[in-house]
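Novice: For reference, the chains in residue letters:
Protein chains: 4
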Amino acid sequence: MTTKVAFIGMGVMGYPMAGHLQRAGYDVCVYNRTASKAEAWCDEYAGRAASTPAIAAEDADVVMLCVGNDDDVRSVVYGDDGVLAGMRQGAVLIDHTTASAELARELGAACQEQGFEFLDAPVSGGEAGAVNAKLTMMVGGEEKVLSKVQPMLEVMAHHVGLQGPVGSGQLAKMVNQVCIAGVLAGLSEGLAFGKKAGLDPEALVAAISKGSAGSWQMENRSHTMWNGEYDFGFAVDWMRKDLNIAMTEAQKNGASLPVTALIDQLYAEVQALGGNRWDTSSLMQRLVKLH
Amino acid sequence: MTTKVAFIGMGVMGYPMAGHLQRAGYDVCVYNRTASKAEAWCDEYAGRAASTPAIAAEDADVVMLCVGNDDDVRSVVYGDDGVLAGMRQGAVLIDHTTASAELARELGAACQEQGFEFLDAPVSGGEAGAVNAKLTMMVGGEEKVLSKVQPMLEVMAHHVGLQGPVGSGQLAKMVNQVCIAGVLAGLSEGLAFGKKAGLDPEALVAAISKGSAGSWQMENRSHTMWNGEYDFGFAVDWMRKDLNIAMTEAQKNGASLPVTALIDQLYAEVQALGGNRWDTSSLMQRLVKLH
Amino acid sequence: MTTKVAFIGMGVMGYPMAGHLQRAGYDVCVYNRTASKAEAWCDEYAGRAASTPAIAAEDADVVMLCVGNDDDVRSVVYGDDGVLAGMRQGAVLIDHTTASAELARELGAACQEQGFEFLDAPVSGGEAGAVNAKLTMMVGGEEKVLSKVQPMLEVMAHHVGLQGPVGSGQLAKMVNQVCIAGVLAGLSEGLAFGKKAGLDPEALVAAISKGSAGSWQMENRSHTMWNGEYDFGFAVDWMRKDLNIAMTEAQKNGASLPVTALIDQLYAEVQALGGNRWDTSSLMQRLVKLH
Amino acid sequence: MTTKVAFIGMGVMGYPMAGHLQRAGYDVCVYNRTASKAEAWCDEYAGRAASTPAIAAEDADVVMLCVGNDDDVRSVVYGDDGVLAGMRQGAVLIDHTTASAELARELGAACQEQGFEFLDAPVSGGEAGAVNAKLTMMVGGEEKVLSKVQPMLEVMAHHVGLQGPVGSGQLAKMVNQVCIAGVLAGLSEGLAFGKKAGLDPEALVAAISKGSAGSWQMENRSHTMWNGEYDFGFAVDWMRKDLNIAMTEAQKNGASLPVTALIDQLYAEVQALGGNRWDTSSLMQRLVKLH
Ligand SMILES: NC(=O)C1=CN([C@@H]2O[C@H](COP(=O)(O)OP(=O)(O)OC[C@H]3O[C@@H](n4cnc5c(N)ncnc54)[C@H](OP(=O)(O)O)[C@@H]3O)[C@@H](O)[C@H]2O)C=CC1
Ligand SMILES: NC(=O)C1=CN([C@@H]2O[C@H](COP(=O)(O)OP(=O)(O)OC[C@H]3O[C@@H](n4cnc5c(N)ncnc54)[C@H](OP(=O)(O)O)[C@@H]3O)[C@@H](O)[C@H]2O)C=CC1
Ligand SMILES: NC(=O)C1=CN([C@@H]2O[C@H](COP(=O)(O)OP(=O)(O)OC[C@H]3O[C@@H](n4cnc5c(N)ncnc54)[C@H](OP(=O)(O)O)[C@@H]3O)[C@@H](O)[C@H]2O)C=CC1
Chain L
1 MTTKVAFIGM GVMGYPMAGH LQRAGYDVCV YNRTASKAEA WCDEYAGRAA STPAIAAEDA
61 DVVMLCVGND DDVRSVVYGD DGVLAGMRQG AVLIDHTTAS AELARELGAA CQEQGFEFLD
121 APVSGGEAGA VNAKLTMMVG GEEKVLSKVQ PMLEVMAHHV GLQGPVGSGQ LAKMVNQVCI
181 AGVLAGLSEG LAFGKKAGLD PEALVAAISK GSAGSWQMEN RSHTMWNGEY DFGFAVDWMR
241 KDLNIAMTEA QKNGASLPVT ALIDQLYAEV QALGGNRWDT SSLMQRLVKL H
Chain A
1001 MTTKVAFIGM GVMGYPMAGH LQRAGYDVCV YNRTASKAEA WCDEYAGRAA STPAIAAEDA
1061 DVVMLCVGND DDVRSVVYGD DGVLAGMRQG AVLIDHTTAS AELARELGAA CQEQGFEFLD
1121 APVSGGEAGA VNAKLTMMVG GEEKVLSKVQ PMLEVMAHHV GLQGPVGSGQ LAKMVNQVCI
1181 AGVLAGLSEG LAFGKKAGLD PEALVAAISK GSAGSWQMEN RSHTMWNGEY DFGFAVDWMR
1241 KDLNIAMTEA QKNGASLPVT ALIDQLYAEV QALGGNRWDT SSLMQRLVKL H
Chain D
2001 MTTKVAFIGM GVMGYPMAGH LQRAGYDVCV YNRTASKAEA WCDEYAGRAA STPAIAAEDA
2061 DVVMLCVGND DDVRSVVYGD DGVLAGMRQG AVLIDHTTAS AELARELGAA CQEQGFEFLD
2121 APVSGGEAGA VNAKLTMMVG GEEKVLSKVQ PMLEVMAHHV GLQGPVGSGQ LAKMVNQVCI
2181 AGVLAGLSEG LAFGKKAGLD PEALVAAISK GSAGSWQMEN RSHTMWNGEY DFGFAVDWMR
2241 KDLNIAMTEA QKNGASLPVT ALIDQLYAEV QALGGNRWDT SSLMQRLVKL H
Chain P
3001 MTTKVAFIGM GVMGYPMAGH LQRAGYDVCV YNRTASKAEA WCDEYAGRAA STPAIAAEDA
3061 DVVMLCVGND DDVRSVVYGD DGVLAGMRQG AVLIDHTTAS AELARELGAA CQEQGFEFLD
3121 APVSGGEAGA VNAKLTMMVG GEEKVLSKVQ PMLEVMAHHV GLQGPVGSGQ LAKMVNQVCI
3181 AGVLAGLSEG LAFGKKAGLD PEALVAAISK GSAGSWQMEN RSHTMWNGEY DFGFAVDWMR
3241 KDLNIAMTEA QKNGASLPVT ALIDQLYAEV QALGGNRWDT SSLMQRLVKL H
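Chains as they are written, first to last, in the numbering used here: chain L, 1 to 291; chain A, 1001 to 1291; chain D, 2001 to 2291; chain P, 3001 to 3291.
For reference, chain L alone in the conformation it holds in the complex (with noise of 0.2 Å):
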């Protein structure tokens, strides 16, 4: 028998992520709380939607959510139009939004007592992951309910690993979030100051980029930085979210994160320049705004 999936959240990850769901052959109904891009979604994939998540959740065996934040993820959760409202015994909820440890937690228990099983599985990759299945996925819950849906969230994803009990997708992410950042302040202050001397990009890239300064934004960036285009990607706004959700996390946890809380808050001059929307790559651009 075929799979039935609710997806809540039609937005830049969930859209394609459910799409590519349909197309393998699952059956999903959607949901989303602007119906036009519910129905934009149906047109697209020949495929359902619901007019709230509970509705959506109904008969459903996996429910899944990529919405914003945590508020996000418990307006569309709870309440009679909930999807716990709306699920069935044994069902599995997976949330993809990246969100808090805690209400990671806050949901295990809820499903547990209602008696459904729940991951967190927050991705990284970004639109382009999502629209060319190639997101990586970091799971938290139990083994055997991930057995379960791997196949499933491969359709969607290259890596799906997981990394813990509840919570713990959460908190790899944190850790991916952390990482990039300290990546991204090394970068644009180092390009930054290479304008400032004067050096050829190309050559000062080609040079740099394969040995132990190299990562991926260098790569995949510092072209675009160079040439102060910012006008894509992962958004700055979503940035300062998931580095505050770390920051949240590490007052509980006892981590110190000195160089992040301070990256956080140049993200906030970057947003003072207009650059809400822009890719974090964006930090650059403050250092390059100065005169």
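No lab work stands behind these hints, which were simulated from the structure alone.
This list has only true hints and no planted wrong ones.
Straight-line C-alpha distance at most 30 Å; calculated BS3-like pairs for lysine-lysine: (1) D:K2134 x D:K2144; (2) A:K1289 x P:K3252; (3) D:K2195 x A:K1241; (4) A:K1210 x L:K195.
With chain L's structure known, arrange chains A, D and P with the ligands on it following the hints.
Specialist: Same frame as chain L, but now just chains A, D and P with the ligands:
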């Protein structure tokens, strides 16, 4: 006729670099302040040593330096025993030391005045790169000078790139070090956070190392960082020297390096923990040692 | 007729504040979650205690709160036992808790709706200020409301200043805490440097405390900081709460707080050293403990 | 017999300092690189000028310097025209320049070798302090040397304090500058936040300046900072010189200065805005100029 090379500085880097040249058929004469290392090199490579830089430089077509810092370079270049006192007209002086761009320009001018050619050619790749002839060389100077020595440099390096006029090699190396500092800061805070969060390092790194958080350092150092192993690699003392060269240059070219400057001070805290000779990835140690 | 006051929160601050009012002739009824503290207060000041905030607030002309954080305030304000359930028409609610401006606006709106007046009036001056009635009160709200209660507030404070509409008291307090963080960071790094440099603290502070480096903290804390005495004063945990309130507000108003954010993380390192309840001047301790 | 004084450096500080001495009855001979300033001084104070530092120092009981940085001091001290070439046995050299402790020790050794006494005595108090004879002098050297010149120094300063052996005056001045940096960072972020929050500066500063957030800078600079007035006072360029002296010393004594290092880079951003000669309180300007 065999090209004659003088190589000044038989340290961790210079020793194997000079060895590759000798093995490749160049006629190498080495000099080292501490004579025992020069003797060891002669034994290992059946080469020659001289008792002063000036004597080593006599008859040499190419004179290479790889010593500690600006002052160290000056002490083997100038004076009666310095290489400039020994070099013959038309010879090329190449400085592989990581030093200031100002020093490079000063050496360039001194060479021009005395009828020599000059290139600054600092390297990256560490001890392993030197031993395996897989260095990256960032070269500052004139193309026609580089073209004369390119084959010789490629004996030691897998990438030899001209970055611009004299000094540009050093400037590119500064960018390299600034980028590394940021990468390692993010990685250190990320991994230390992951430890406090109870994550599994294998699953974590498997998930995040291939995507936009990925870096050479994550690929090659996250395992040792997690285990607190730092007794190898590129020393914190060297890193601080390099970052201070970059920050001094930034004061001249008007670049701002807020994150780099912070990281430099965090390295001071690593030094206070005894980490002067630890690998730069030990930036993580101060976070782990907090408790 | 004697003005009736309800005072909720018999902590370090609230206990002596309520005491001053009772001594000044106001008719004070206190409430504390942990009843023993309320009883102790009644014994010391021959006052009255109530079993819920709502009961304390009945008949009161003025209801004052001084609890921990936003959530704590909500828990004594709302619900059947909360003060709003007990207050009479025209009564004034004054929140002395250091909390968010958002909470202040929320309380202001709730009061308006139910026919009460509201002022946010966070304080500075610490335990000593509370005990000696030398607090500073930063007030947000309407001038005509403040004028009604000003004499009562001046029983506890030597400065009561209107900062603007509801929420402005909290905003001013945020500025206060941000300023303190910077002062203490400079002082900590300066004194720790001075220690390493072998300077004499008496001569040093005598020289620098009267000029442009001078501050209340230098005047009042440099001696204890030098001696590593932190077992008193305003706790690091409270400071982090306050700085995070400011940073959250900054995300809304677009301010950038790079130095503050860094210091907040350095306080995380002080907490990791066991400093949760140490005075904020313990920021120096992480520098001293490096070796 | 009248004490003879040579004063080298008729800059913003040295000019009025030398004037006070002349007015107090000392026999002052000045030298300035740019002769016109020395002439103006002679006109104003009916004093004498010499054509070289060496000639000014001849016959002098005390030789005072107040020039720019380490190199500037060396250029008026050493060589045939330097003060050491002119000084008589037993004379005292006092350096009022803000310079490194290393330079002080070097000058101390040179003086000892040649039969002179030496004190480092950098000042704080700014142009106003110099003009109004209200400087603070932080002195390094021997008590018996200081006691000889103390009355003379008190002609220019309201506080003259011995900080320890030669170099300690400079070390104390470093602490002073580090403290100022922190104070101004907190004040800048606090006031810029207050602006964004729509607060009234008068009410704000009235409330917070008397308590634990208070500082000389808040008392004396918050008004001009709020109004963006920076065209006076102690220049950003000088501040960066001083902070870099402190950071270089910290590399030797093992102190960590994370917040100071960050602030130094933020001053680089103020310089990029054109603020080289602005008062140090212009640290706020980069926050205000974000939009
Ligand atoms: N974009 C990227 O590159 C990446 C994003 N992520 C994370 O994935 C998540 C989704 O990102 P993305 O798709 O880009 O975001 P978008 O803003 O494109 O989409 C957000 C989706 O969530 C819905 N939503 C938001 N709030 C609510 C709410 N309160 N109630 C109901 N629905 C709501 C939106 O509905 P509506 O259409 O009605 O607004 C929309 O469908 C975020 O957590 C993000 O951090 C992770 C990796 C990469
Ligand atoms: N201490 C200081 O130096 C200064 C403190 N402040 C601010 O003043 C406020 C109070 O500080 P302080 O008096 O030191 O704090 P304490 O921890 O000493 O006291 C807190 C008080 O709040 C009560 N409380 C906390 N949470 C709740 C809750 N959920 N429900 C009911 N009551 C609750 C406590 O009750 P219980 O006894 O039952 O725990 C106690 O009476 C804080 O916002 C602080 O930031 C401001 C300036 C200086
Ligand atoms: N200004 C202030 O508020 C304060 C300054 N200081 C410190 O005091 C010192 C002097 O400051 P300030 O008076 O403001 O500086 P100015 O720039 O006003 O004056 C510098 C003086 O030094 C002379 N000078 C500089 N370099 C040389 C050189 N290589 N050879 C000969 N003379 C030289 C200049 O001569 P010329 O006229 O020919 O240029 C001038 O007389 C600095 O170290 C500064 O950091 C300390 C506290 C406050």
